Structures are given as structure tokens and as C-alpha cells.
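Participant: Chain by chain, the residues run as shown.
Number of protein chains: 2
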Amino acid sequence: MSLVLDPAAQDLLFREAHTANTFSDEPVTEEQVQAIYDLVKFGPTAFNQSPLRVVLVRSPEARERLVAHMSEGNQAKTATAPLVAILAADNEFHEELPRLFPAFPQAKDAFFSERTSRESAATLNASLQAGYFIVGIRAAGLAAGPMTGFDPAGIQKEFLDGDHTPLAVVNIGKPGDGAFYPRSPRLAFDEVITTV
Amino acid sequence: MSLVLDPAAQDLLFREAHTANTFSDEPVTEEQVQAIYDLVKFGPTAFNQSPLRVVLVRSPEARERLVAHMSEGNQAKTATAPLVAILAADNEFHEELPRLFPAFPQAKDAFFSERTSRESAATLNASLQAGYFIVGIRAAGLAAGPMTGFDPAGIQKEFLDGDHTPLAVVNIGKPGDGAFYPRSPRLAFDEVITTV
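Chains P and S are the protein sequences, given in the same order.
Residue numbering for the first sequence follows full-length UniProt numbering, starting at 1 and increasing by one per position.
Residue numbering for the second sequence follows full-length UniProt numbering, starting at 1 and increasing by one per position.
Hints in this document: simulated from the structure, not taken from any laboratory.
Hints should not be assumed to be uniformly reliable.
Partner residues are not named here, just some residues of chain P that face chain S (Cβ under 7 Å, in silico) [stated by the list, open to error]: (1) LEU3; (2) LEU5; (3) LEU124; (4) GLY131; (5) PHE180; (6) THR195.
In silico contact screen, one side only, chain P against chain S (beta carbon under 7 Å); selected entries [stated by the list, open to error]: (7) THR19; (8) GLN34; (9) ARG58.
Here the structure is a predicted model, which is why all the values come from computation and not from measurement.
From the three backbone atoms N, C-alpha and C, an ideal C-beta is built for every residue, glycine too.
In isolation and in its complexed conformation, chain P is listed as follows (with noise of 0.2 Å):
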């Protein structure tokens, strides 16, 4: 065995985890959501940047306004599933860096100072985020529901401001009936993986 991850945890958080796309009523509680950020929070980020930022869509007039916004293959589990969060990137994130990363403060102004330097950072670094995210999810016994089909301007405009671009809408909760699609093949090693 060259994972010392127990096999369990390796089940829960990848090997036995899908996508859900139909979920059961439960609730998800603000309690396990916020167990979820205080588990995945430590994932690492270039300068502790830390750039993902969630919005949580609860009500229901919140939520009908972001379905609109969905691919409509998309519109049904949206609709439906307990919690819905929209993942955003900020790319103002370097405001918070000096208490962020205070062992190099300066590098708010020697990295940061242009815009499209802060997008591409905010981009990579908070989707890394959001795949801590999603184990989190899954850490917390739920499904992860993960989508990119919606209209991104749209979802901005509703829920965000110019400074915040969103990455994913990802719907939370116990799987329902049928909730789970057929694995779909995953590439070989050698074709992910080389070496020079």
C-alpha cells in the first residue's frame, strides 16, 4: 500500500464518490458548512492568497434567480438541491495579503499591482480552492454536485460584482434516488503522467 490515507477516507473522498445529480430533502446545516471551510481552509494557496469566496444561495427567491441563469440541463438539480454555493474567484484578493502572508508583506505591490497579474492568480489559485472545496463536501459526508453550464456575466451581474468571477455553482446535499450516473473512464497513467 503506498497511500497511508486509511482506505475509508480514500472511499469517501474519491473512490466511492460521484457527482450527485438528484438530491434527498435533508437539510444541509450551516454547521456543516461551516465545518467544511474550517477543515479546508488550511489547503495551500501561492502567497496564502486565498482567494475563493462562496456565496451561499438559501432563499428561494435567491435561488429562482440563479436557476435562470443555469443551462437548462442544469436548471432541475439546481432547483432542487438542498444548498446550492456559487464558487467566485476575487481579484481583489490582494487587499487582504499583508495580514494574509505577513512574512513577505510587499508582495501586495511587488506582485499584485496589476490587475490581470491578480486575475490569473486569483483563477488558478481559487479553483484550487474549489477542489478543496469539493473534498470538504464529500469530508462531510454529503455530494457534490459540480457544475461550469451556466451563464457566467449573468450570475456575476445577480450575485457578485465586477471584482468576482465565478468559477463553479456546485449543489450540496445526501444524494437522492438515481443521483449517481455511470462512471465515466478516467485516462491511463501513461497518458497523464511522463517522465524526463
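Here the structure of chain P is known, so what remains is to put chain S in place on it, guided by the hints.
Facilitator: Frame of chain P, contents of chain S only:
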């Protein structure tokens, strides 16, 4: 307890895990890399597009070429880590889509016929997978040292091609003396997560 993941696994993957800046001499084996991939390959991506590609830089000659493209502060650790991996996004991932997403083989042409949409999808989804990969390194009992301080054009030219964009370079191994800097502060829940 709102998490169902075993507390030891929480510590291994997030709470006690730290970015490493020095490493022991213990090698990282092919078996370990295979085990990491065989775990994290199951992490979800949009349409199962799986755009992450990894170059393991093992030979001294290749390592020297890589170090030349790293930022000065990253050179010493990249020169001495037991294993270094270049994580890249394959912007031509759509060629594999009919095989990877048999439920909707038309996705290749319906959504990804344009290079610009492929590039943004590849960056987002390969970054998600980079997050899973870092978690997987920790699942193998190893420390990760992910870095974005390098010359992307130089690394692309030396190790990749015009269709592959480098996202991060990751040092991998058992931590050495003084491997860890103090944990930097994290944002509070309310600074990251809002509810509507």
C-alpha cells in the same frame, strides 16, 4: 462533529499538513506516484474532461533545466526535492472527450470547438485537479511544495508544447529539517462565505 471524515485523515490532508520548503533524501517511488494518480483521477471535472497533465522531472539534466526557469527563491528547494512535478493544462483535451464522456460524445464539438473556450475550461478544470493532486500527495504521507513562481513561457518551451500551459510546479517528498514555515492566518468564515 459535522464532518464524517476520520480526524486522523483531516489532519493528514489539511489540518496538520503544511507546504514543505526542505525535504529529506528519501526517494519518491513510481509506485507512490501511481497510487496518488489512481486515487485522485476520480476527482470530478466538467464533462470528465480531465485536462491535467503531469511531467515528473527526475533526471539531473532535466532538473537543472527546470531550476533555471524557477524564481530565485524557489530554485534551491526545486534543485533538492526528491521529486518535482510540473502540472499543466492540456488545451486540446477535447480530443479525448468522446472517450471520456461517452454519455454525450457531442460535447467535443458542441462546447469546445473554439480554442478560447477550451483554454478557459482547461485552466479551471486542471486547477481543480491540481487541488486533488496536492491532496493526493498528502494521502501518500508525503509533503507537497506547490509553487507558481517560475517563467511559464520558459517551462512551456523546455518541457511542454504550445498546447499545454504550465499551472504549477510541485516539490514532493518527506519534509526535511526546518521544512515548515509558521502557519499563516486564514480568512474568517464570514469573510469568505455569504448567504443570500
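Participant: Would you settle whether the hint for LEU124 of chain P is holds or violated, based on the nearest Cβ-Cβ distance to chain S being less than 7 Å?
Facilitator: Since the shortest Cβ distance to chain S is 5 Å, the answer is holds.
Participant: Regarding the hint that THR195 of chain P lies at the interface with chain S, is the smallest CB-CB distance below 7 Å?
Facilitator: Holds - the Cβ of THR195 of chain P comes within 7 Å of chain S, reaching about 4 Å at its closest.
Participant: With a cut-off of 7 Å, does the beta carbon of ARG58 of chain P approach a beta carbon of chain S closely enough for the hint to hold?
Facilitator: 5 Å, holds
Participant: Verify the interface restraint on GLY131 of chain P: the C-beta must sit less than 7 Å from at least one C-beta of chain S.
Facilitator: This interface hint holds because 2 Å falls under the 7 Å limit.
Participant: Take the shortest C-beta to C-beta distance between PHE180 of chain P and chain S; is it under 7 Å?
Facilitator: With Cβ-Cβ at 12 Å, over 7 Å, it is violated.
Participant: Given THR19 of chain P as an interface hint, is its Cβ closer than 7 Å to any Cβ of chain S?
Facilitator: THR19 of chain P check passes; min Cβ-Cβ to chain S is 5 Å, inside 7 Å.
Participant: Does the nearest C-beta of chain S fall within a distance shorter than 7 Å of the C-beta of LEU3 of chain P?
Facilitator: 5 Å, holds
Participant: Hint validation: GLN34 of chain P versus chain S, beta carbon distance must be below 7 Å. Holds or violated?
Facilitator: 6 Å, holds
Participant: Checking hints one by one. Is LEU5 of chain P an interface residue toward chain S, by the C-beta closer than 7 Å rule?
Facilitator: 4 Å, holds
Hint compliance for this structure: hint 5 is the single one not met.
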